Amino acid sequence: MKKIMMGDEAVARGAYEYGITFAAAYPGTPSTEIIENIAKYKEIYSEWAPNEKVAVEAAIGASIAGARSLAAMKHVGLNVAADPLFTFAYTGVNGGCVIVTADDPGMHSSQNEQDNRYYAKFAKIPMLEPSDSQECKDFVGYALDISEKYDTPVLLRLTTRVSHGKGVVELGERQNVEMKPYKKDIPKYVMVPANAQKRHVVVEERLKALRQLSEEISINRIEWNDREIGIITSGISYLYVKEVFGDEVSILKLGMTYPLPSELIKKFAEGVKKLYVVEELEPYIEEHVKSLGIKVIGKEILPIVGELNPGIIRKAIKGEELEHISVDTKVPGRPPMLCAGCPHRGVFYVLKKKRVPVLGDIGCYTLGAAPPLEAIDTCVCMGASVSGSHGFQKANEHKGRKQKTFSVIGDSTFFHSGITGLINIVYNKGNAVPIILDNRITAMTGHQHNPGTGKTLMGEEAPEIDIAKLSEAIGVKRVRVVDPFNLKEVENAVDEAVNTDDTMVIIAKGPCALIPPKPQGECRIDQDKCKKCGLCLRLGCPAISKKDGIFSIDPDQCTGCTVCMQVCPFDAIEKVR
Amino acid sequence: MQEVKSILMVGVGGQGTILASNVLAEGLLKNGYDVKMSEVHGMSQRGGSVNTQIRFGEKVYSPVIEVGAADVIVAFEKMEAVRWLNYLKKDGVVIVNTVEIPPLSVLISKEEYPKNLIEEISKSVKTIAVDADKIAESLGNIKAQNIVLLGVLVKYLGLQGIDWEEVIKNNVPQKFVELNTNAFRKGLEVI
Ligand SMILES: Cc1ncc(C[n+]2csc(CCOP(=O)(O)OP(=O)(O)O)c2C)c(N)n1
Ligand code: SF4
Ligand code: SF4
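Here the protein sequences come in this chain order: B and A. Residue 1273 is where the first sequence starts when you use this note's numbering, and the numbers rise one by one after that. Residue 895 is where the second sequence starts when you use this note's numbering, and the numbers rise one by one after that.
Pairs of lysine-lysine residues, derived as DSSO-like cross-links and limited to a Cα-Cα distance of at most 30 Å, are as follows: (1) Lys953/A with Lys1274/B; (2) Lys1080/A with Lys1020/A; (3) Lys1421/B with Lys1470/B; (4) Lys1314/B with Lys1069/A; (5) Lys924/A with Lys1080/A; (6) Lys1396/B with Lys1455/B; (7) Lys953/A with Lys1546/B; (8) Lys1480/B with Lys1571/B; (9) Lys924/A with Lys899/A; (10) Lys899/A with Lys1590/B; (11) Lys1028/A with Lys1790/B; (12) Lys1017/A with Lys1587/B; (13) Lys1037/A with Lys1819/B; (14) Lys1275/B with Lys1063/A; (15) Lys1274/B with Lys1312/B; (16) Lys1587/B with Lys953/A; (17) Lys1063/A with Lys1312/B; (18) Lys1004/A with Lys1028/A; (19) Lys1274/B with Lys1049/A; (20) Lys1393/B with Lys1452/B; (21) Lys899/A with Lys1274/B; (22) Lys1009/A with Lys984/A; (23) Lys983/A with Lys1571/B; (24) Lys1009/A with Lys1818/B; (25) Lys1804/B with Lys1009/A; (26) Lys1396/B with Lys1538/B; (27) Lys983/A with Lys1587/B; (28) Lys1069/A with Lys1790/B; (29) Lys1275/B with Lys899/A; (30) Lys1790/B with Lys1037/A; (31) Lys1275/B with Lys953/A; (32) Lys1028/A with Lys1080/A; (33) Lys1587/B with Lys899/A; (34) Lys1590/B with Lys984/A; (35) Lys1760/B with Lys1004/A; (36) Lys1741/B with Lys1760/B; (37) Lys1602/B with Lys1009/A; (38) Lys983/A with Lys1602/B; (39) Lys1803/B with Lys1625/B; (40) Lys1080/A with Lys1275/B.
Bear in mind the hints are in silico, worked out from the structure with no lab data behind them. All figures in this text were calculated on a predicted structure; none of them were measured in a lab.
Build out the structure end to end from the sequences listed, making use of the hints.
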């Protein structure tokens, strides 16, 4: 049977067909749909991990137990999981293990566009790079075979257009793969120096064998056509090259991009007159080709920044551009914004009013940096708010600058990597104030459950980790749980925090407006009372607008959260529903 | 079979571009076309600009449409049509929903919603303006505007031979099948 599948969905299908038993992930665009789709197959045990390191470590455990396992994450997630990854290369596997990294060239939803192919080389782990949905499924099979045959984890690298691109996939049956027996093997699995020193030798021997495999494996293949131009390419770039050139040029398509097949590359280079490498982001393949002493054109004509597309390649190599329409009309931008009724809005309104530094984090609440709220000072990586606010506060204090520092962090992000930052504040006697924006869900990535929501990935009930009790247990002196829709309550807590030297945490607990039961209220502006001061507009609520001098609230969008009502100094806004 | 066609659907998060493109792709697949699609998730529910790209033909490579390569742009919102217009082929067509969704900068009167957009667009390219929101509203639910637009597109592409109503049935919840089927039929009548 044929089905149109997203790349992520096809990876999930591959996990099903090739007998994976255990899968774990932390959400992250564009990788999230992998495990969301795996969860539909009840034959596979799957779970959300609190972060990527835990997901990979759990997959390692399952593999050592003898099961085929998988962990999935976005590119920056692999940074978090890098520690286990590097040593997993030494221990090797028992059941086959695939680690999926979904990179985001162009940064559609990311804070950087790092090229994770270097992780394969760095950690000495083989890497496969599918180009389309069919390959996404098939390559899970190749990866598991390689993993078990060569006793190594395997990295599967997708990019946004592969993950979220859709194509036709031929479905197959699930292979019934038995768990391998588990045998205690201390020299292999206990990486103390004496054992690790021996395992590194094994890794180098394994790499020799993998280099040979890369020369022979069918997914590294030459398409001989006209020999005037030869292009080496992989992943989504292969499809763009085919789009532009069809069968006009010769192509070396690399499905396995670590280790790279040096002999095959040499043979290809000798067979063509002019050689190009077409790859997105870094000159990863290009550097290797050049190290073989081969002349090749790559990044001098193709961008290192952002995504490629057929148009860029056409222009760079053929010097041609498609004709297109152009209009002079300029239209305003349409950036994403916090929803009407979002629980984050009121907290930002108060923080802005207080003019305190607010170290930010990653989630929907990063949108609090956008106008008109502009309430956040930084965004680096998940967890960096709480830990960063501590450094910000301590450095200031040490040099006699007195200013209370705040941080904002979502519930999912707090579980991911905020807790250690909080422990640090308590341990090192800091008093920067984390505000945990507990909207009861992982909203940004599409509303996934997390350790605080009481539900698992597979839909079972689970204990809700209590952030207030956790903070108390860590030793935070003042823990205040406030309703983010009650501005007075939020303001009182912030004032209290400004005026105390005790450690303090504020938990703003109110559900995301998009999770059921969706709030069904409505506020309205009384035109007789409205003095047109414009204060309500400073909330940046998409339900409130000013048109031809009149302020009004769109009843279809308004949730009746009453935040604007509390901001209006003239009592012109009333709750009607 | 014909050469590869490229359809670009653009709109605002929450307008249903993804459902419309899923229905289109499934119908095409069932009728023997190779299909590739591309969409970008993540920010879509937060009112940002969204796009879905569908390409179909005998053999399709790239899931992404380049500047100057779209045969049709289906714009679910007027301003979005203009934003993406450079993706259109010189002889391409724009199917545009006449609906206006102001971005935040317009809501707070920092910028103005540009005037006469449809006139502007139709000066340089063949334009089919559709009151899809009003048609959907008259059927009882504005949300079905996406399927009205799909109907217009299907008619324009001459693909009425495919059993779209079956595909719609497979893709929407039971209680919305009738609404969407009617929306689709209304869409077919527009041109
Ligand atoms: C290491 C890492 N993993 C995953 C992501 C993707 N990501 C961005 S925000 C976010 C979750 C935010 O959830 P939460 O903290 O609850 O805030 P909300 O969006 O609900 O406001 C995730 C998973 C990332 N940016 N970095
Ligand atoms: S999805 Fe939820 S958390 Fe995100 S902006 Fe909307 S209401 Fe706020
Ligand atoms: S009550 Fe006010 S702030 Fe809340 S959603 Fe409605 S208009 Fe927006």
